[in-house]
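Protein chains: 4
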Amino acid sequence: MHTYSQAAALVLIDMQKESRYGIEGVDEVVATAERVVASCRTAGLVVAYTRHVNRPDGIGVSTGEVFDSEGLPVYYRAGTDAITIHDAIQPEAHDVVIDKHRWSGFHGTSLDLILRNLGVRELIIGGFTTDCCVLSSVYDAYAHDYLVSLVPDMCAATNEGSHQAAVLMMANWVYGIEILSAGEVVKKVAGEPYRSWAATEPDQKRFSAETLQGAYESLF
Amino acid sequence: MHTYSQAAALVLIDMQKESRYGIEGVDEVVATAERVVASCRTAGLVVAYTRHVNRPDGIGVSTGEVFDSEGLPVYYRAGTDAITIHDAIQPEAHDVVIDKHRWSGFHGTSLDLILRNLGVRELIIGGFTTDCCVLSSVYDAYAHDYLVSLVPDMCAATNEGSHQAAVLMMANWVYGIEILSAGEVVKKVAGEPYRSWAATEPDQKRFSAETLQGAYESLF
Amino acid sequence: MHTYSQAAALVLIDMQKESRYGIEGVDEVVATAERVVASCRTAGLVVAYTRHVNRPDGIGVSTGEVFDSEGLPVYYRAGTDAITIHDAIQPEAHDVVIDKHRWSGFHGTSLDLILRNLGVRELIIGGFTTDCCVLSSVYDAYAHDYLVSLVPDMCAATNEGSHQAAVLMMANWVYGIEILSAGEVVKKVAGEPYRSWAATEPDQKRFSAETLQGAYESLF
Amino acid sequence: MHTYSQAAALVLIDMQKESRYGIEGVDEVVATAERVVASCRTAGLVVAYTRHVNRPDGIGVSTGEVFDSEGLPVYYRAGTDAITIHDAIQPEAHDVVIDKHRWSGFHGTSLDLILRNLGVRELIIGGFTTDCCVLSSVYDAYAHDYLVSLVPDMCAATNEGSHQAAVLMMANWVYGIEILSAGEVVKKVAGEPYRSWAATEPDQKRFSAETLQGAYESLF
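Residue numbers (my numbering), protein chains in the order written: chain A, 1 to 220; chain B, 1001 to 1220; chain C, 2001 to 2220; chain D, 3001 to 3220.
The hints are simulated quantities; they were obtained by calculation from the structure and are not laboratory data. Honestly, I wouldn't trust all of these hints.
[What the hints assert, rightly or not] Incomplete in silico selection of chain C near chain B, CB under 7 Å:
hint: 1; residue: G2060
hint: 2; residue: H2094
hint: 3; residue: H2101
hint: 4; residue: G2108
hint: 5; residue: S2110
hint: 6; residue: L2113
[As the list claims (entries may be wrong)] Residues from chain A that face chain B, not an exhaustive set, calculated with beta carbons under 7 Å:
hint: 7; residue: D131
hint: 8; residue: S162
hint: 9; residue: Y175
hint: 10; residue: D203
hint: 11; residue: S208
Even for Gly, the Cβ is constructed at its ideal location relative to N, Cα and C.
Please build the complete structure, drawing on both the sequences and the hints.
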């Protein structure tokens, strides 16, 4: 049996090559994830990936999924490069790779079964997109009693506003969440002193359109 | 057996008297919900409520839940008025009332079991708070293949920015969603012509801090 | 917060007054459960009950559920004494009481959420009926990685053969299960030496019609 | 998109080459399944398979899973022929193949998500072993409101008694179940007259050790 040194796991959400949504800053985020993956491997943490997969024949896809003129799903189509994890962060033999048909990594998958079985209590989470598959996975992780460390610079969305707002929502409502940069996660995983944001009361980072940018920046 | 005339349900999320979070505009939203509830009852739709409930002894509460100096959960405490549905929209005998311990109405509850068993395909959703329990319930509703009609003026949050951003995220990602005001829902339920926003492509309402307000307003 | 001294819980499945199925030996099994409940309370274990509940209006009942001539569900009807837990083993304030609409205590309920949140790892299980709600709950408990202690004399079915066969199936397939009498559970919970059956290899108690009785008896 | 002509699916549970449990009559059951698969394909039904899979590194395996002297799981090990579906009933392109880590095909998988999404209401079920993965899958199918057609001669167990008892339990408790032979299923799928057993009251086939054999035979 393969054993892990810590009750924590890195969970990368949908860091696949699908590029049609226009996710912003993908190359930089993948490079960031590469460093985090390396540090987690060194520390012996579980490394888990989710992959969003739509069958070419459309079986099991979400309601309203977009199909092309040939009747094939446009996004995350199985059998194309779009569902492949980015080269720099390819899974290794003992990693956990979870194919999923819905946004949350926990819906209709074995992700919770596996993490729970491994004794994992804390998840370090990043991926695409912040406001959709990452957000739903983080909310579900919290519902399953995992502690969450969210790494915003290891996340990306199609638009800055939604990325920022989603991070703030998670900061506000996921009690016990830590928000920290990839650089700080690397220190944390290595057992070194690190800096993170954690709430001192619920719903601490309320915002309006005017304060969104500043509220987001205050997390770092 | 009680029967319903349509394969749709009204789902009101956590419209309880708990007031300590400082949700904005509760009275107005409850008054709005009252009109929608009445129209749904007239049309014979299923009316379902979720109630967030924290046991006084803390059994089953979320990780990081806030306790007072006497060791009692501060929010949504069973045995107090805080968990009661607002007076104007009290459940009736044939309604569905779901007590829950996590944000999503679908997590650790019989909500999906009951709606599915009733043959319900479409959910009209509102409640508190837009960016937390409503958002997670809508994302989960979509994961379970329900069509969603979201009624933003029947939702509220603790801050305008997060309310607006959450509505935009749902508009962007929940394919097939309809965004419509309570006034339009009343028409829809009555089988009259109504006006709603529906996407013509995925992720249509991207925003930045500067455009958040305008993007939100463009939905109505 | 209420705290428990051990990472174990007693889970009593559907030990309700519903008597129309003709479960055999109910009084004796309830008296047996009474002793086990008392010992678990003394030891500070979590005590959990499931209750099968069918709404009078039929909402959420299983496919094929039996209704009477007035359109009311015949069994486990809410609002009647049939759904009440037997008097001798009434739940107390800090117990966990889970209402359910399907057989397994884990389906469409918060049972796993609560037990997991409490840090429970081992379940002591009994109830009605051995071959249906107990069996499905034990199989699900195992699927959720709980260790199971099954107490056959705290279980009952409508017929001896199905009771015996169900116990043997659980003995054969639920790896790590302990099969033990109520008297031995009381010792175990008290931290005293006790006697139980545990498999030394998978599928150890195969049987035919001819050997069913003997195979069952060999467990004790 | 691939479309199916009926709201029914054939679900074959764990009909894999794993032979170490000593399942009885595998060759005959596989040959039987071959005929049923062919008839379902002809009729345009969804054909779904579950495969039980244990990772060689033991990640995610059940509590108490058996490992060999090299630390590898003995049964259903990924990377060996044991997890392969039998040659005569190999999946085709549009089939649904569900890998699972627990007994029930519905636990920690996308099986329900996919069947529900396809509009499937009725499941024709067979596989290995009758008293474990088939039984738990049938009980879960019923919990998810599917109608079940159970095909006992397309099922097998390691011992006759447990096979018979499990079939009787399903006959007794899964309301609306049809019990029918593979020959009759082929007729049913083809829209021809067929013969099946269906209950006229709950818990109709009670048995003792003495009557087990006869009760089982009375189903056909």
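Quiz item: Holds or violated: is the Cβ of C:G2108 closer than 7 Å to a Cβ in chain B?
Solution: holds, 4 Å
Exercise. Closer than 7 Å between Cβ atoms is the bar; does A:D131 clear it against chain B? Give me holds or violated.
Key: Holds, because the Cβ-Cβ distance from A:D131 to chain B comes to roughly 5 Å (cut-off 7 Å).
Quiz item: With a cut-off of 7 Å, does the beta carbon of A:S162 approach a beta carbon of chain B closely enough for the hint to hold?
Solution: holds, 6 Å
Quiz item: Taking the closest Cβ pair, is C:H2094 under 7 Å from chain B?
Solution: holds, 5 Å
Self-check item: Interface hint compliance - C:S2110 to chain B, C-beta minimum distance less than 7 Å
Solution: holds, 4 Å
Self-check item: Interface hint compliance - C:G2060 to chain B, C-beta minimum distance less than 7 Å
Solution: Hint holds; C:G2060 Cβ to chain B Cβ min 4 Å, cut 7 Å.
Quiz item: For the hint on A:D203, does the least C-beta distance to chain B fall short of 7 Å?
Solution: holds, 5 Å
Quiz item: Does the nearest C-beta of chain B fall within a distance shorter than 7 Å of the C-beta of C:H2101?
Solution: holds, 6 Å
Exercise. With a cut-off of 7 Å on the beta carbons, see whether C:L2113 makes it to chain B.
Key: Because about 4 Å separates C:L2113 from the closest Cβ in chain B, which is inside the 7 Å limit, the hint holds.
Practice problem: With a cut-off of 7 Å on the beta carbons, see whether A:S208 makes it to chain B. | Solution: The hint holds - A:S208 has a Cβ within 7 Å of chain B, the shortest such distance being about 4 Å.
Practice problem: Have a go at the A:Y175 hint: is there a Cβ in chain B nearer than 7 Å to its own Cβ? | Solution: A:Y175 check passes; min Cβ-Cβ to chain B is 3 Å, inside 7 Å.
Checked against the numbered hints given earlier, this structure breaks none of them.
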